[in-house]
Each structure stands twice: as structure tokens, then as C-alpha cells.
Amino acid sequence: MSKLASTIGLEVHVQLKTRSKMFCACATAFGAPPNTQVCPVCLGYPGAMPVMNGEAVRLTVLTGLMLGCTIPPRAKFDRKSYFYPDMPKNYQISQYDMPLCLGGGVEIEAGGRTRTVRLTRIHLEEDVAKNMHFETTSGVDFNRAGVPLMEIVTEPDLHSPEEAMAFLLALKQMLLYVGVSDCNLEQGNVRCDVNASVAAPGDPLGVKTEIKNMNTFKGVFHALGYEIGRQIAVLEAGGRIVQETRRWDVDAGVTASMRTKENEHDYRYFPEPDLAPVELDAALVEGWRRGLPEAPRERRQRMVRAYGIPDYDAGVLAADRPVADFFEAAARGSKNPKAVSNWIMTEMLRLLSERETDIRNVPVAPRALARLVEMVDAGTLNSNKAKEVFAVLFEQGGDPDRIVGERGLAQVSDEAAIEGMVDKVVRENEKSAADYRNGKQAALQFLVGQVMRLSRGKANPSMAAELLRKRLG
Amino acid sequence: MDVKSLTLTGAGELLARGDCTSVELVTAVADAIRRTDAAIGAYLTVDEESALSQARAADEARAAGRMGRLLGLPVAVKDVLNVRGQPCTCASRILQGYLSPYDATAVARLRAEGAVMLGRTNMDEFAMGSSTENSAFHPTRNPHAADHVAGGSSGGSAAAVAAGEALAAIGTDTGGSIRQPASFCGCVGLKPSYGRVSRYGLTAFASSLDQIGPMTRSVRDAALLLEVMAGRDPMDSTAVDAAVPPYAARLREDLRGVRLGRPREYFVDGMSAEVAAAVDAATRRCRDLGAEIVEVSLPHTEYAVAAYYIIATAEASANLARFDGVRYGFRAAGATDPIDMYGKTRAQGFGAEVKRRIILGTYVLSSGYYDAYYLSAQKMRTLIRRDFDAAFERCDALLTPVTPTTAFRLGEKTSDPLAMYLGDIFTVTANLAGICGLSVPCGADAGGLPIGLQILGPAFGEEVVLSVGHAFERSRA
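For the record, the sequence lines run as chains X and P.
Numbered per the working numbering, the first sequence spans residues 1 to 473.
Numbered per the working numbering, the second sequence spans residues 474 to 950.
No wet-lab data here; the hints were simulated from the structure.
Keep in mind it's a predicted model, so treat the numbers as computed, not measured.
Even glycine gets a Cβ: it sits at the ideal position worked out from N, Cα and C.
There may be inaccurate statements among the hints.
What the hints assert, rightly or not - One side only, chain P facing chain X, incomplete, derived with CB under 7 Å:
id, residue
1, Ser681
2, Glu768
3, Ala791
4, Ala950
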């Protein structure tokens with residue numbers, strides 16, 4: 001038997017960032033006490049009717065435009081019927097054969113090369129409620145019922161759990177870029193179903209299984225790893241794969257059968273008679289397209305050209321839209337964009353990750369960072385003191401000149417003052433001075449360090465080294 | 474005070490002149506209900522105390538100089554519409570214990586004009602039926618002959634109006650449920666065009682067919698109630714944003730310049746000769762009033778009942794899925810898990826006709842059958858709509874019978890659902906096409922059972938339909 005290869009397709013459900021629900025005016029905020037964001041519509045009361053949230057349609061179409069989808073002029077909603085306690089109406093309003101977005105793709109980098117994972121479609125639907133199980137009873141929290149949910153469906157274009165992970169990360173980056181979702185996995189903003197099959201290369205696709213409702217990317221990665229291994233083992237042992245729906249047991253690290261094909265739901269889709277079809281005016285869609293943000297890849301390339309920074313830097317910065325925004329705001333007014341990039345990639349990202357916060361939440365202003373770089377380049381501030389200033393900016397914001405002034409951090413570049421210190425250091429460290437004279441280069445570093453100590457860190461270190469060399473030369 | 478033949482408009486004039494108060498009016502209607510409803514069964518609930526307090530408030534408002542097109546006038550409401558704080562059983566056990574947390578838009582608009590919510594009328598369970606025998610609680614009898622049905626599904630509303638137990642009532646019409654009982658009971662019933670009245674708060678049977686409409690003692694009253702209820706509604710995106718004309722003020726008394734069509738497919742073999750004769754006489758009378766009568770054809774009429782029962786049951790199968798015992802209403806005891814609970818709750822909570830239609834609707838939407846049934850029915854619906862478009866190129870409105878026969882006997886058709894469905898042949902077409910239709914009394918059979926004239930008009934052609942009905946009604950007075 002030749003080596004079996006896997007084929008994977010994903011369905012990614014993304015909660016959209018709208019203030020109100022998909023078909024009623026209830027709030028969507030996460031974490032409210034159970035059943036406090038509900039009304040007759042999202043509770044499925046008799047006589048209640050859905051009214052479409054136009055903003056959810058706009059956000060879905062924006063996503064489609066960002067991902068290169070075709071936006072058909074006409075879309076519609078359909079009813080998808082099945083009974084479950086988390087379904088207020090026992091049908092979900094979704095989109096069956098006329099979704100808002102068709103085609104498109106997401107570029108991923110995997111195995112050292114870049115390629116496009118094709119999308120089948122993106123459609124819009126309403127989220128379901130959340131079942132909660134207690135010791136002897138169960139409850140249903142309908143706050144989530146009716147939250148706008150966008151479903152992004154891929155073609156079976158992925159071939160390993162690593163590729164699936166790369167796709168999810170790239171997709172998340174795009175969604176954050178276009179600002180349609182917070183993509184907060186802890187709050188269940190993103191949930192995935194995956195389809196996987198294995199077959200020998202060149203053979204038709206194998207029988208697939210579906211693993212439902214995973215709410216972490218790591219879960220998708222491990223579930224796929226397990227499931228592909230399981231399918232290969234079954235086939236290699238001479239068995240057959242059964243078409244079925246499985247679930248991922250995080251604790252046990254295995255997938256387990258939920259239901260086989262014969263027991264699959266017949267969703268009995270039919271057009272939602274309570275909602276008119278969605279007519280998308282070409283001029284309106286074109287207007288939305290013009291308002292799209294630059295995609296991460298384009299931005300990376302442009303930043304290399306515009307600021308002369310290395311491609312690697314541009315990639316790191318462009319990965320996160322607010323970080324890239326910050327960089328550009330600082331770099332535009334700077335003579336040294338590479339230094340600005342260095343500060344962001346090292347100090348800024350380190351502090352942000354330590355504090356688990358977002359660049360938009362810290363008080364440091366882009367022009368303050370640009371000024372800091374300028375002061376270092378002008379020799380007004382040495383790099384150690386500059387880090388101190390940056391730490392202050394990160395915590396409190398403010399003006400670097402004032403911080404340097406108030407804290408007396410300005411670099412001493414006065415030749416006479418440093419010469420005095422050099423004399424004192426040489427006097428007090430005769431042995432090191434002698435070592436240097438005898439060719440021991442490391443002794444110079446020690447002596448520079450002594451000058452710095454004497455100046456409480458403010459001496460211009462290169463000037464100190466230069467004067468020491470002159471003095472001992 | 475005799476309320477037996479008082480119209481809503483007439484009662485409004487009494488109130489305006491100060492000849493009576495709303496409290497007196499409501500008391501008189503409540504007395505009539507007490508006297509006669511045991512024999513008729515038009516109502517499911519009457520909240521006299523609440524009605525009287527609303528009437529007192531209306532009298533006070535009038536004394537304070539506030540106005541309202543329905544100020545102090547009692548209206549009965551079919552038990553399928555949500556009225557805040559009241560039950561809304563849909564004549565089903567499955568909604569036992571449910572109290573509406575909100576007003577239907579149509580109800581809110583009646584209230585805003587000062588109407589008094591008097592009671593809730595009987596109906597076929599979830600509006601599924603043509604006789605009100607499918608009510609889970611009791612049938613409604615025809616006020617003209619107690620062993621005959623009142624029609625359905627708005628049989629309670631029609632009987633209440635005909636028996637003097639209401640000045641006017643609100644019904645709903647999915648395939649004839651306003652027009653057929655109005656015809657059987659001898660009152661006026663208007664099914665507005667689809668989208669004319671907001672459906673928000675109407676417990677859905679078939680969402681693409683349902684409409685709320687008035688059932689009254691005069692065409693003018695129907696015009697008045699439509700005026701109040703019609704218009705766009707942000708809560709119902711199928712409610713059309715079209716201007717609401719002052720229907721009552723625009724009623725005409727002659728029909729000069731009006732062209733009326735007589736569709737040949739609506740005069741079929743097997744229909745009652747008395748019904749045909751009454752409709753023919755009514756048609757002649759309209760000609761005498763100045764109308765020109767033209768023959769038209771609606772060639773796809775014979776497929777309408779089949780298309781209707783596919784579309785209506787398909788939509789119903791989804792609409793009624795929400796009655797599951799989880800959030801409100803009846804929940805069966807002794808279930809072992811959620812699926813078992815659904816099964817037991819729905820088995821015990823729904824009646825036979827509702828179950829039959831849910832099963833039919835589930836079947837026609839099933840994978841593998843969708844194209845053969847649902848899709849074909851939708852295509853037929855388009856053809857039926859085009860039939861009407863073509864007919865209304867040639868005339869302003871159509872004159873037809875409402876039903877092939879007058880009211881049948883209680884129990885006569887309960888064992889033969891198909892015969893019951895076929896009785897809807899002249900009414901379902903208007904719902905499929907989304908057009909408007911009015912039923913106006915035009916005579917009686919030898920047994921004294923009323924016969925109705927159906928006036929069908931194009932979508933949003935209520936003004937024409939009401940004018941024809943009004944002129945015809947006046948000519949008989």
C-alpha cells in the first residue's frame with residue numbers, strides 16, 4: 001500500500017462584532033447573567049418575527065471582499081430544521097443555496113511555501129443558545145441565541161494539521177484586519193468543524209468524517225492529528241472508514257463517534273418566508289470595497305518599500321493591524337524607521353505580551369517613540385537610558401524630552417567632563433590600564449564600564465572609550 | 474341596549490354623540506355573550522373585568538377631550554394573536570399556560586386608537602381547518618343553524634359578530650380562514666393583501682400566506698379596522714411600506730366605470746346551485762350599479778388546492794417546531810431525555826389535524842422529495858399569480874363565490890380531510906397570489922344559511938374591493 005495522504009476541509013464559525021443580534025435588537029455583549037439579553041424573537045415565542053441586521057450583512061460582505069470572494073447581487077436566508085434544546089425555534093435561520101459570498105481564498109505559508117486555500121462560500125446565520133448542565137438539571141442560556149454568526153467554508157484544500165493551523169491563523173489575522181470579529185477564542189467567538197479523509201495519492205478522495213464544534217485552534221490541530229492517524233490505522237488494518245460525525249474529547253485526546261450517516265439530520269432547508277431576499281446594490285458593495293483596509297501581505301510589501309525596513313520586520317509588524325498602524329504613525333515622522341521597528345519588535349512586543357494587553361491600550365504615543373529614536377541617534381540619550389525612558393512611556397505616556405529632563409537622564413557628551421572621569425578611573429585602576437597597554441582589549445571595556453558607573457550611566461559610552469584609548473595610547 | 478345589529482361605526486357615533494358610554498356598550502356586549510355563547514361557543518376567554526376597565530379609561534379619555542378612531546369600541550380577537558398579558562392558546566393544548574409578553578402590532582394599533590380588548594375567539598387549532606371543529610376546547614356553532622359549522626378557522630370571530638356577541642372581530646386568513654367563516658355566518662370578512670397588515674405577533678401557521686383582517690357587520694367597519702391596522706412595521710419586514718389610504722372615506726356607492734371580472738373556473742360542476750344563483754344575482758346587481766362585467770379566465774385554478782396544501786404544510790412544519798415544551802406552554806411529564814420530552818409533549822399537545830399537517834409538511838420538504846413537491850408547488854404559485862396579473866389587466870376586481878356550498882353540518886367532513894380541503898378551492902388562490910379578497914353576504918340558501926360573495930382585487934387594491942363591497946351592500950339594504 002502506498003503512503004496515505006490526508007485531505008481536510010474546514011467550516012469556521014465566526015461571531016460578528018455587532019451591537020445587536022442577527023434578527024432582533026437584543027445586545028450581544030459576552031458574559032451577561034443568563035437570559036438577560038433575550039426577547040420574544042430570540043426566544044422563539046409565538047408570533048415573533050426576525051428582522052435582518054444590516055450591519056451583520058455588511059461585515060460578512062466585507063469579509064468576503066477581503067478574501068477575494070464574489071458577492072452575488074442577490075442572496076437569501078433559509079430555514080434549517082432540527083430539534084435541540086439550544087434552538088429557540090427548532091430551526092436556524094441560515095443560508096442554503098444563495099449565500100452572501102462565493103469563492104475566494106486565504107493565503108497560507110506552510111512548509112516554506114505560500115499557497116492559496118480556496119473558499120467555497122461564506123454565509124450568515126444566527127448562533128444557537130448555550131446548554132448548561134448542573135448536577136441534576138440542565139439549563140439553557142439564550143443570551144447567545146441569535147448572535148450573528150458567519151460561516152466560512154473551505155474547499156478540501158488542506159493536507160495536514162499544520163496546514164489547518166496555518167489557515168486558521170491566517171484567517172484570524174484577516175478577520176482582525178478587517179475588524180469584523182474580535183476572534184476571542186476564550187469567549188467562543190470562533191468555532192470550527194472539520195472534515196477529514198485519507199487516500200493514496202492519485203486515488204479519489206476517501207470516505208470523510210466530520211468533527212464538530214471545536215473552540216480552540218489547538219483542538220483542531222490535535223483532533224485532526226488523531227483522526228488522520230485513526231483513519232490510516234483503520235485502513236492499514238484492512239478496515240473501512242464509516243461516514244459519520246465525531247466529536248473531539250479534549251481530556252482523552254481522542255475523537256469519538258456521535259452519529260453515523262444514516263442518523264444524520266435531514267435539515268429540510270426551505271426559503272425563510274419571514275425575510276425578503278437580500279439585494280446587494282453593486283454601487284454599495286463597491287463603496288464597501290473601497291473602504292477595505294490594506295491586506296496584511298500588501299501592507300508588508302508596502303512597508304518594505306516605504307520605510308526601507310527588512311522584509312522580516314515588515315512581516316512581524318504587519319501581522320497585527322494596530323501594531324502596523326502604530327509603526328507607521330511613528331515611522332512617518334522619523335529619519336530612522338529601522339530603529340522604530342526595532343523598538344516595537346523588541347521592547348514594545350515584549351512588554352505587551354508580559355502585560356497581556358493590546359497596543360491600543362497603552363498610553364505611549366507614536367510620536368513619542370519617534371522622538372526617543374531621534375534622541376538616541378543625536379547622542380542625547382544612550383541606549384540603556386532610552387530603555388528606561390521607554391518603560392516610563394509604556395506605563396504613563398508623556399513626552400520623552402520632559403522625562404529625560406525630569407529624571408536627569410540626558411547623556412553627558414561634554415568632553416571635559418568625561419576627561420575628568422577618565423583621569424579618575426585610570427588613576428584608580430592602574431592594573432587594568434596596564435593590561436590594556438599590554439594589548440588586553442577586554443580591559444578597555446572594564447574601564448568604560450567604570451566611567452559609566454561614575455557618571456551614573458549618563459556618559460556617552462563611545463566618547464568615554466575614545467578618550468580612554470587616547471589617554472592610554 | 475341592543476347590540477345585535479349595531480355596527481362599529483354606528484356604536485362610534487353613539488359614543489361620539491354621548492348617547493351611551495363605552496362602559497354601557499361593553500356591558501351590553503358582555504351580557505349578549507353571557508346569554509348566547511353557551512349555545513354558540515364563539516369565545517375561548519372573555520375578560521370582562523379588564524374590558525370594563527379599558528372602557529372606563531376610554532370614557533375618561535373622551536371626557537378629557539382625547540380622540541381615537543376606535544375610542545371605547547370593543548373588538549374581539551382571534552386567539553392566535555398575541556395580546557399582552559392574555560393567554561394565546563391558538564385553540565391548542567400545547568400553549569396551555571402561555572401568557573403573551575407582548576402585543577401583536579395589529580393589536581397595538583387597535584389599542585392606540587382606543588379599542589377595548591374584550592375577549593379571545595375560538596378557532597381551528599393553529600388556524601388549521603375550515604370548520605372550527607379542530608379547536609382543542611370546543612367547536613363553534615353557526616348562529617343561523619346550531620347543527621351547522623361556523624366555518625373556520627376564524628369561526629369564533631365570525632360567529633361572535635353574527636350572533637351579536639361582538640361588534641367586530643379580528644381574524645386571520647391563510648387559505649380562506651376569514652372569508653369562508655364570514656360567508657358561512659353572514660358577516661363581512663376582509664383578507665388584506667399580503668404585506669398590508671403586519672404579521673408581528675400573529676402565531677404563524679404559513680408565513681408566506683397568513684394575513685390578519687377584520688370581520689365585521691359592514692364593509693365600512695372593515696374599511697375602518699383595516700385603516701387602523703395596516704401599514705409598514707419595523708418588526709415585520711414583509712409588511713410593505715405603502716401608503717394607507719383613508720379606506721372608509723373613499724367608499725363609493727355606485728360602480729360606474731368599474732370593470733368586474735367573472736372567472737369561469739370559479740363556477741364549477743358540483744357546486745351548490747343556490748350559491749351559483751346568488752353570486753349570479755349579485756353580479757347582475759353590480760352591473761345595475763354601473764359596473765361593466767367581463768368574462769375572464771384563471772386557468773391554473775384547479776392546481777391551487779394542491780399547491781396550497783404543500784406550501785402551507787411545509788411552512789407550518791417549521792413554524793410549529795418551536796412548540797417543544799422547553800420555554801413555555803405545555804410540557805409532558807415523565808420524559809427521560811430531551812428528545813423523549815419533545816415526542817411526548819407534541820404527541821399530547823397537538824390535535825390530529827395539526828399532526829397530519831406537520832407530517833405532510835415534513836414529508837414535502839424531505840431530502841429527495843423537495844423538488845417534486847415544494848418546488849413544483851412554488852412554480853404553480855407563480856403561475857397562479859400570473860393568472861391574476863393577466864385577469865387584472867382586464868378588470869378592476871373579480872366576483873366569485875367564497876365557497877362551493879353553504880355551511881355544512883358539524884361532523885359532516887371531519888372524517889374526510891380531503892373533502893374539507895377541497896372546500897377551500899375559491900379562497901386559497903388569493904393567499905397564493907398575495908392579493909386581497911372580501912366576503913360580503915349576498916343571500917341565503919333555502920335553509921336560511923348565508924351565502925357570501927367574494928370580491929377579489931389586485932395586491933394593494935383594497936380600495937376597489939371595499940368600494941365594490943360597500944356599493945353592493947348598500948344596494949341590498
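Minimum beta-carbon distance criterion (7 Å), Glu768 of chain P to chain X: Where the cut-off is 7 Å and the nearest Cβ of chain X is about 34 Å from Glu768 of chain P, the hint is violated.
Next item in the hint list is Ser681 of chain P. Is there a CB on chain X closer than 7 Å to its CB? holds, 4 Å
Status of the Ala791 of chain P interface restraint (C-beta, 7 Å, chain X): For Ala791 of chain P, the interface hint holds, since the closest Cβ of chain X sits about 5 Å away, which is under 7 Å.
Double-check Ala950 of chain P for me: the hint is only fine if its C-beta lies closer than 7 Å to a C-beta in chain X. Ala950 of chain P check fails; min Cβ-Cβ to chain X is 38 Å, beyond 7 Å.
Hints 2, 4 from the earlier list are contradicted by this structure; the remaining hints agree with it.
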